[in-house]
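The residues making up each chain are set out below.
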Amino acid sequence: MPTHGPFNRRETPRTQTPAIAIKQVASGEIWGRTPKNGGLGPTVQAYTGLLVNQRGIEFNTEIAPHPNSSPFEVRWYLHLTAGVQRRCEGAEEFACITAVVKNLQP
Amino acid sequence: MNDIEVRQSMFEPDYDVVPQAIFWRPLRYFTMCIRQGEDELDLFQAASFTIGNEVKFDLRVYRGHPELTVTLYLPDNVSDEKVIADTIDLVVRGMVIPLAAVAWRRGQRFEYGRLERPKADNRLREHEARIIVLKIAAQQPGRSASTSLLKREVPKYIELSAKDRVRSQSRPREFLWQQVVGNVVSHQKSSEGPFAKGLAVRTADGLKVTKEGLDYLNDMGFKTSP
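First to last, the sequence lines map onto chains Y and L. Take the first sequence: its position 72, counting from 1, is numbered 72 in the numbering used here, and each next residue is one higher. Take the second sequence: its position 64, counting from 1, is numbered 64 in the numbering used here, and each next residue is one higher.
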């Protein structure tokens, strides 16, 4: 399978914390929530390219991003993007992609 | 002067958005009323706009986007290729964005993480300089700005190319882009200039934006205050 990437997510206090990064490396999975306004349902979102001089994660994945991505951003939608898996935690549904993740927010 | 009226909306969108085009201009080029936001991707700065009752769009710059770029986002329910293309055209015309400033638009091939910077032979043209000068002056006290202030501020609105940074032959102490900005103020009788069109009046050391000038900027969505 061809790999896609590198992609990255930047550290944030809410959606990309150091604790989440540890989970992502250990599980080889990146999960994404449904956007605040609903959008197209649970979505994994990331920047394209390497993470330069910033905290966050870098990753590669065998799952091709959704075609509505841009040169700067990529998205994977549950139910819409091939290869995206469903995960649940509590009552919340997540989109999940498998990835090789490098932790740059230790 | 422009048959398309772009209006900035003070309301955050109640829908999710999808990136559809990228411009080689910073967000401040389009408005000074900028809000902070955060979504599942990251922290961002944004402004929301409308054209008529139908067209809604956001201009956003996320922390991870390259400097001096802004991304055009349309509502996620806009997925028809022709509608997307027509809307991008409308935004480009309505906001008077030079075609050379369109870095990418939906339908064009691209590589993730790669976008060629503007060509080295791109340069600031007097038509665009006239608008930038008005935008800068409109934010100053009394809507007035000196030529020297304009020349200090212009690089915050546009990425100057190698050609812009060539020494002027007629004014060797200036770069070409500085001469272009200076010409906007000094060419008072130019029929295309801001003075002949009533958008500004000359002051002792620069120009002052008129009410008509502010309306002209507002019609392309540019606001200096909420």
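Accuracy of the hints is not assured; some may be wrong.
In the DMTMM-like style, the derived pairs of lysine to aspartate or glutamate whose C-alpha atoms are separated by at most 20 Å in a straight line are [claimed, not checked]: (1) L:LYS223 with L:ASP80; (2) L:LYS82 with L:GLU38; (3) Y:LYS36 with L:ASP76; (4) Y:LYS36 with L:GLU38; (5) Y:LYS36 with L:GLU126; (6) Y:LYS36 with L:GLU5; (7) Y:LYS36 with Y:GLU93; (8) L:LYS197 with L:ASP164; (9) L:LYS211 with L:GLU38; (10) Y:LYS36 with L:ASP219.
To be clear, the hints were calculated from the coordinates, so they are not data collected in a lab. What you are looking at is a predicted structure, and each value in this text was computed from that prediction instead of being measured.
Evaluation of the provided hints:
1. The straight-line distance between the Cα atoms of LYS223 of chain L and ASP80 of chain L is roughly 30 Å, outside the 20 Å bound, and the hint therefore fails.
2. For the suggested pair LYS82 of chain L and GLU38 of chain L, the alpha carbons sit about 30 Å apart, so the restraint of at most 20 Å is broken.
3. A threshold of 20 Å between alpha carbons decides the hint, and for LYS36 of chain Y with ASP76 of chain L the separation of about 13 Å falls inside it, so the pair holds.
4. At roughly 10 Å between alpha-carbon atoms, LYS36 of chain Y and GLU38 of chain L fall within 20 Å of each other, so this suggested pair holds.
5. With a CA separation close to 43 Å, the supplied pair LYS36 of chain Y and GLU126 of chain L exceeds the 20 Å bound.
6. At most 20 Å may separate the alpha-carbon atoms for a hinted pair to count; LYS36 of chain Y and GLU5 of chain L exceed this at roughly 29 Å.
7. Between the alpha carbons of LYS36 of chain Y and GLU93 of chain Y the distance comes to roughly 13 Å, so the proposed pair stays at or under 20 Å and holds.
8. With a C-alpha separation of about 26 Å, the suggested pairing of LYS197 of chain L with ASP164 of chain L is violated against the 20 Å cut-off.
9. A distance of roughly 35 Å separates the Cα atoms of LYS211 of chain L and GLU38 of chain L; the hinted pair therefore is violated under the 20 Å criterion.
10. Proposed proximity of LYS36 of chain Y and ASP219 of chain L is contradicted: the alpha carbons are some 31 Å apart, above 20 Å.
Checked against the numbered hints given earlier, the structure breaks hints 1, 2, 5, 6, 8, 9, 10 and satisfies all the rest.
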